[in-house]
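Trainee: Listed below are the residues making up each chain.
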Amino acid sequence: MPMKWASVPLALLLSVTSALCGSSSFENTAIVRTVELGGAVVHVTTTTALKTYTVALGKADREKTSLVEAKVKGQDKLLSYTERVEKDVSLFDVTLPKPLAGNKTVNIVFENIQTHATTPWPETAEQRDDQGLKYTTGLFVLSPYSTLVQRTKLKALVPRFKSYTEPKNVDAFVGDAAVTKAGATVVYGPYKDIPASTNANFIEKYQQPITVHYYHEQPVLEVRTLKRAVEISHWGANINTQDDITLYNAGPKLKGHFSRLEHQMQGYMNKPAPHILPALNLGLPPGIRNAYYYDTIGNVSTSKLRVAPLAPKGAQRSQFSLLELRPRYPLLGGWNYSFTLGWDAPLESSAAYDKKTGTYTVSVPILTPIPGAVVTDEELQIILPEGATDVNYALPFPALSAEIGTHVTFLDTVGRPSITLRYKNLTVKNAQDIYVTYKVSTLAHIKKGLNVAAAVFILFALGGIARRVDLSITPRKKKVQ
Amino acid sequence: MDYDALKTLHSSAAPFTPLVPVSLLPALALILLSATFVLAFYFSTLPKNAIPLKEVAVASTASILGGFGVVALFCTAGVYV
Chain A
1 MPMKWASVPL
11 ALLLSVTSAL
21 CGSSSFENTA
31 IVRTVELGGA
41 VVHVTTTTAL
51 KTYTVALGKA
61 DREKTSLVEA
71 KVKGQDKLLS
81 YTERVEKDVS
91 LFDVTLPKPL
101 AGNKTVNIVF
111 ENIQTHATTP
121 WPETAEQRDD
131 QGLKYTTGLF
141 VLSPYSTLVQ
151 RTKLKALVPR
161 FKSYTEPKNV
171 DAFVGDAAVT
181 KAGATVVYGP
191 YKDIPASTNA
201 NFIEKYQQPI
211 TVHYYHEQPV
221 LEVRTLKRAV
231 EISHWGANIN
241 TQDDITLYNA
251 GPKLKGHFSR
261 LEHQMQGYMN
271 KPAPHILPAL
281 NLGLPPGIRN
291 AYYYDTIGNV
301 STSKLRVAPL
311 APKGAQRSQF
321 SLLELRPRYP
331 LLGGWNYSFT
341 LGWDAPLESS
351 AAYDKKTGTY
361 TVSVPILTPI
371 PGAVVTDEEL
381 QIILPEGATD
391 VNYALPFPAL
401 SAEIGTHVTF
411 LDTVGRPSIT
421 LRYKNLTVKN
431 AQDIYVTYKV
441 STLAHIKKGL
451 NVAAAVFILF
461 ALGGIARRVD
471 LSITPRKKKV
481 Q
Chain B
1 MDYDALKTLH
11 SSAAPFTPLV
21 PVSLLPALAL
31 ILLSATFVLA
41 FYFSTLPKNA
51 IPLKEVAVAS
61 TASILGGFGV
71 VALFCTAGVY
81 V
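So the protein lines, in turn, are chains A and B.
Per my numbering, the very first residue in the first sequence carries number 1; after that it's consecutive.
Per my numbering, the very first residue in the second sequence carries number 1; after that it's consecutive.
Hint data in this document are derived by calculation from the structure and do not stem from the laboratory.
Check each hint, because a few of them may be wrong.
[Said to hold, decoys possible] Stretches of chain B that chain A covers, calculated by requiring three or more beta carbons in the stretch to come under 8 Å of a beta carbon on chain A:
{"id": "1", "region": "1 to 11"}
{"id": "2", "region": "17 to 23"}
{"id": "3", "region": "45 to 55"}
Glycine is no exception: its CB is placed at the ideal position from the N, C-alpha and C atoms.
With the hints as extra help, turn the sequences into a complete structure.
Mentor: Okay, here's the thing in structure tokens:
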């Protein structure tokens, strides 16, 4: 079974009016589904209108979805929703900010990000070949309400399409053409007068998978595992972040051999192959210091860090430090690269102290976003100072699992409390902060010095005993009083 | 706890300040560890009495100074403990 890579954002724009009569159901006046075809991330947005409006997603699409967001068009506030599954269709009941009166319209934007949604096709490619990706979705946007007009737009980054499916059996809804291509967009529609489509009848008769085969000019990246450890130190007023990253190029696997000569020539002629990753640019937080980048062989010196100045706490964080990473070898399709990246940052930039309650609050970013890449597995470990009590945390979105354990490191006696969180299928949109609160009494803080003092005292005690032990072969002459 | 509540608490509270300013730590490490070394040397010259009062007193002060000196040394070296 071919593995599916990359995440695809889908936008569904549904314009809905509430019907006049007592059945109080909705009618979609217009649905526009925009799919931004990418490498690892595909963005889907759908817009519609009403009070508790139900949006439907087909089974295949739901499986690939990692993030769902609903909001009213033009507003930023996210709407709450509950999900339920009915046979093969996932239904999201979105609560509208205000109930919609009869014959009124509201536009809802329903966004979801799909991960591992595109497949490289052909599956193998030589060093200089193009990179083609395939994306499959359902032809119709399913909805429990009838729709007046509906269209699906699939936008690629470059206007080069290899092929797209011609839909069959849609004459009942079609005006002129079932599918048209304009520049970098393939449009399926407009389809008119579609009845309620979340029933098995419609799905069996009309719903069909459509596949778009397009050229993608950027490498498709996947971070297979990300292990992030964030350690907070009160004595050094420092927060250390360390990422263990396994990077995978999810493009077409290399056919034949890798020629270093050809690779240099490509760089020289400035015609790089689209699926090869020679270097990676990351945006790190401002004001960092002591950054390190090493892999299994040792330190990697082919990197350049430009540190952005630290804005005072509370000010908008506008600038990112730029780290240009150049792995030891260019990453071709199907190749892996594991490395460790870490840095120190002053604790003042992330932590705050509330005098009234004596609580420390820290903001910990979940991941460093790599544009267009998906993080398949993440383990985030937040290590608090020794003796921290009343540990609490708030997550921007639910994690797969969360547990509080103990982590032992330098100069520890009982160990430090650590929070371990696990995530799956994260994208750039998930690059948000976790907030952790804890208390450290001054005594607990001083204890570290006292623990080391106790160890030193033991050494003195041993020295005192050693002074009194007589190891000489002939007994020491007693001093004449 | 509620995410938004924690977020506002975080942005409204004062930024973290360490007990000892970080810029002082290298100097503090040097002073404390030198004092520890001197006291340890003095400890080795003390008479060996049956009740080691003076030895324990000197050892205790040297330990306290050494304990905090080691913590300051670790932070100076970049191992933020």
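Trainee: Each of the hints needs a verdict: does it hold here or not?
Mentor: Against the structure, the hints come out as follows:
{"no.": "1", "hint": "1 to 11", "in the structure": "holds (count 9)"}
{"no.": "2", "hint": "17 to 23", "in the structure": "holds (count 5)"}
{"no.": "3", "hint": "45 to 55", "in the structure": "holds (count 3)"}
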